[in-house]
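S.K.: So you can see what is in the structure, the chains are spelled out below.
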Amino acid sequence: MIIAGGIYLERCQYPKWERLFGSGMRAAIAVSGLSEGTVLHTYVPNVWKSDAEATLSSFGIVGRLMPTRHELIFEYLDTLQKSFVPDVPDDNEQEKRLTLDGDVVLRFGFMEGTAEVNGRTVVYDPQNSYAKFHANGSTADRLAMILSEEELLGFGGLGDASRTNDNLAAAAQNVFESKPAPQLILTKDRLGGLQVFFGGSPTPIKSYASESYFRIGVGDVLAAAFAHAWGELGMEPVEAADFAARSIAYFVEDARLPLLPPPQLSDLRHSRKDGDHLRLLGVGRFEAKSLVMQTEILISDFGGSTAFTYIDWEGEIRAEGPIDLLIIGSSEGPTISGEIRKRVGEPKVVFWPERDRRTVQWCFPASRIAGDFPSALYHAMRSPSS
Amino acid sequence: MGGYAPKGARQAATSRRSVVLEDGCDVRFNVDLVGVRPDQVKGLETGEALLVQISENGKWRSLVCVTNGGGIVGTLAAFQGLARLIACVETGARYIAIVEVASATRCSVEVIRG
Chain Y
1 MIIAGGIYLE
11 RCQYPKWERL
21 FGSGMRAAIA
31 VSGLSEGTVL
41 HTYVPNVWKS
51 DAEATLSSFG
61 IVGRLMPTRH
71 ELIFEYLDTL
81 QKSFVPDVPD
91 DNEQEKRLTL
101 DGDVVLRFGF
111 MEGTAEVNGR
121 TVVYDPQNSY
131 AKFHANGSTA
141 DRLAMILSEE
151 ELLGFGGLGD
161 ASRTNDNLAA
171 AAQNVFESKP
181 APQLILTKDR
191 LGGLQVFFGG
201 SPTPIKSYAS
211 ESYFRIGVGD
221 VLAAAFAHAW
231 GELGMEPVEA
241 ADFAARSIAY
251 FVEDARLPLL
261 PPPQLSDLRH
271 SRKDGDHLRL
281 LGVGRFEAKS
291 LVMQTEILIS
301 DFGGSTAFTY
311 IDWEGEIRAE
321 GPIDLLIIGS
331 SEGPTISGEI
341 RKRVGEPKVV
351 FWPERDRRTV
361 QWCFPASRIA
371 GDFPSALYHA
381 MRSPSS
Chain A
1 MGGYAPKGAR
11 QAATSRRSVV
21 LEDGCDVRFN
31 VDLVGVRPDQ
41 VKGLETGEAL
51 LVQISENGKW
61 RSLVCVTNGG
71 GIVGTLAAFQ
81 GLARLIACVE
91 TGARYIAIVE
101 VASATRCSVE
111 VIRG
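The listed protein sequences derive, respectively, from chains Y and A. Each residue of the first sequence is one higher than the one before, counting from 1 in my numbering. Each residue of the second sequence is one higher than the one before, counting from 1 in my numbering.
Bear in mind the hints are in silico, worked out from the structure with no lab data behind them. Please read these numbers as outputs of a predicted model, since none were measured by experiment. Among the clues, some could well be false.
[Unchecked claim] Pairwise CB distance ranges (calculated):
id	chain 1	residue 1	chain 2	residue 2	range
1	A	Thr46	Y	Thr335	25 to 31 Å
2	Y	Gln81	A	Ile96	31 to 37 Å
3	Y	Ala181	A	Arg28	51 to 57 Å
4	Y	His277	A	Gly70	51 to 57 Å
5	Y	Asp87	A	Trp60	35 to 41 Å
6	A	Arg37	Y	Thr359	27 to 33 Å
7	Y	Ser83	A	Arg28	25 to 31 Å
[As the list claims (entries may be wrong)] Computed footprint of chain A on chain Y, listed as stretches where at least three residues anywhere in the stretch have a Cβ under 8 Å from a Cβ of chain A:
id	stretch
8	18-32
9	47-60
10	247-255
A virtual CB, placed ideally from N, CA and C, is assigned to each residue, including glycine.
Bound-form chain A, shown alone (with noise of 0.2 Å):
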């Protein structure tokens, strides 16, 4: 019956379908950030790279594209690949986001390794 994954449904990460090498941690993605920050999204131009980093409040924690003045543009989430994504960073890989559209409304990146 339907109703299951079609095979292949678990690759795709986003938008663009992720590429999985070696160590697992060398992905690539576009995806729309959630919880966009107007003030933060205001200004960046697209080309321009973000830091993605883990941020901790209390209990709770996200992993968040941040300007190079420390501001949060806005959140990775709700997309296949994420809880691994954050295991990736914990250990030490380094990402950046870079800007493809960026409104008061919306910020688009592409997650690349840095």
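If we strip away everything but chain Y, and leave its shape as in the complex, we get (with noise of 0.2 Å):
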């Protein structure tokens, strides 16, 4: 596969992680072994580039690498949530254009600069950038297109819509009647829902059950994933985008690069979509509701709702349980988890992060117990199918 992508740092507070991806080096490293002779095209600027080339050749990927002045580093404050995204350098800043052609192509959006790429099959990725494939002369015989939902919209020429499944087809009609059009398009949502357009009304794919939820770069995980199956084994877009999910369950646990071949994922399970009235309680001083709230308004992002959302714990609660997610603060002790099971019964998901899981196991012996935020909410949002 060819491949152009950045490389960029990425560091999380919570947990604790620095590594140097972005969506071109991720996504060589998902395909590595997949598809002989991956190639990257990137920028790198010389302080990156002896590490992105000792990585590139430790999964036997072809770096065409070419300099450049932005050392581009993106934060995050858990691997849902950015805390801090550089700003696209100016015009006058930009990179002289990469320019790359093959049989399978995976274009992803650069923020310094642009790859024109020319190809028989063709998965582009425009990364938040709004650019039309065919603006800077790139060409394919077949594209598709993987784009998030707000993407869909805004492509589509409805970027002040709600996120309604009526309006997500109008858009996707519009880029589909857009000349040249791609054949098909394939949108994310935000927990690992797939959907595929190819005119008419979209397909939707299973989401498969994780452990864990990793998040950062999910997406360029799926796009390399789509890009194998569809471009290099040719399978139908209905099939590779299953692939692509069952693709981005193995990825979000523990952020497992390499990816595997399609039979070694064979075995996964489906999840299911528990997003809708979730009901949530906080237990602990302001740390603790603070992030309940905050977990109130991402349930929502992430196309869910709540129920009731509970923050006043003093021994007392008017909420009724089940309980779906309760996050602990701080300045809790374990013997309030006896209170709590008492009055709200058992909850299906806790989140506790001062505690230690097993002790949080423990007080909760039929709790799934999260060890960080965004699985936290992943498996309130979801369960595993039966």
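Combine the two chains into a complex, taking the hints into account.
M.R.: Shown next as structure tokens:
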């Protein structure tokens, strides 16, 4: 596979994590075990060049590296929430364009430049750039676009519309009617769910269950897996999207790379959406209550809703169980668990960041214990299908 | 404008700021391995020491963590300082990787000069 995508430094505070990935590097490593002779075209600043080359060599990837002045660093509070996104360099600071061609090409949007690609089969993920594929001279015999729901609305001229199914379908139709148009569009929600648009009604792709949820770079993995399955293995779009969904489930569990071939991902379980009318309970002082309120906002952002949110636990509670997500603050001790269970039953998911997992499991033996906030949200909003 | 490396970014290695002394090879840092092999990570205990060595496959080479039995557990990759670490190993510096977390899906190690 021929890939055009960035190499950036990514930092996360919770969990503490810092890696040299970016979309291009991550996608190249993702398919390195699936696709013979992977080539990555990218920009890289001198300070990261030798580390990037060493990493590419580790996975048998050929690097076509163009120097850049820009050291782009993305910072995250946790794997769901970006805390710093670098500015896009001004037009006069944009690097010279990359040009490449190939049979199967995966193109990501860049912040510091652009890639003009010419391919038989091309998968394009604009990465929030809203740059049209053909605008820089790129061509493709077959083109698939990987878009978030917001991006689809934007590309379809409905940027101010809400993310309803009707609006998404209308936006997709607008994209298909623009010429030259992609053959298909793959949209992603924020918890691993996918939809394939060919024109007409979209085909939903079920997501697969994972034990934990590391979200940084999940879109890169999706694009890489789909490009491999659709472009290189010749799968039909829906089948290729299903492989991408399986690859997402594999990746988000501890950020595992490289990806596995389809036969090795055959025994995953589907997950179902549980994101509506969630019941949240926060116990503790300000930080726990504040996190619960932030959780309510994120659930809405992720397409879910809350039935109620209680943060006023003082030994009395009006909330009725069962609770979907319980968040406990650092001020509380293990003895509070008995009282909580007595009043609201066994919570589905417990997130208690200041306590070790074993202690929390002992306090809530029937609950799923989340070791990090994104996993807590994921498990509150998704359940493995039985 | 934003978008450039904040001061100090270049010193950070992975999840903990690396300590660089003397010959530049006295590094110590924590990192998750890439390409963890479930058959090799199975049975690893916290605190167990893995060997850090270069693996060559034709023109490709990588820095890997290896059990005493010779099995490759995973690869050290995708972080600042990797190239220097490889150069240090090539000039004779020896490192071990102490297992901090080992599960079917993850192996986190602390790399120290041995």
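S.K.: Confirm or reject each hint.
M.R.: Going down the list of hints, with the structure as the test:
no. : hint                            : in the structure
1   : A/Thr46 to Y/Thr335: 25 to 31 Å : 29 Å, holds
2   : Y/Gln81 to A/Ile96: 31 to 37 Å  : 35 Å, holds
3   : Y/Ala181 to A/Arg28: 51 to 57 Å : 54 Å, holds
4   : Y/His277 to A/Gly70: 51 to 57 Å : 54 Å, holds
5   : Y/Asp87 to A/Trp60: 35 to 41 Å  : 36 Å, holds
6   : A/Arg37 to Y/Thr359: 27 to 33 Å : 31 Å, holds
7   : Y/Ser83 to A/Arg28: 25 to 31 Å  : 27 Å, holds
8   : 18-32                           : holds (count 6)
9   : 47-60                           : holds (count 11)
10  : 247-255                         : holds (count 3)
Violated hints for the displayed structure: none, as all numbered hints are satisfied.
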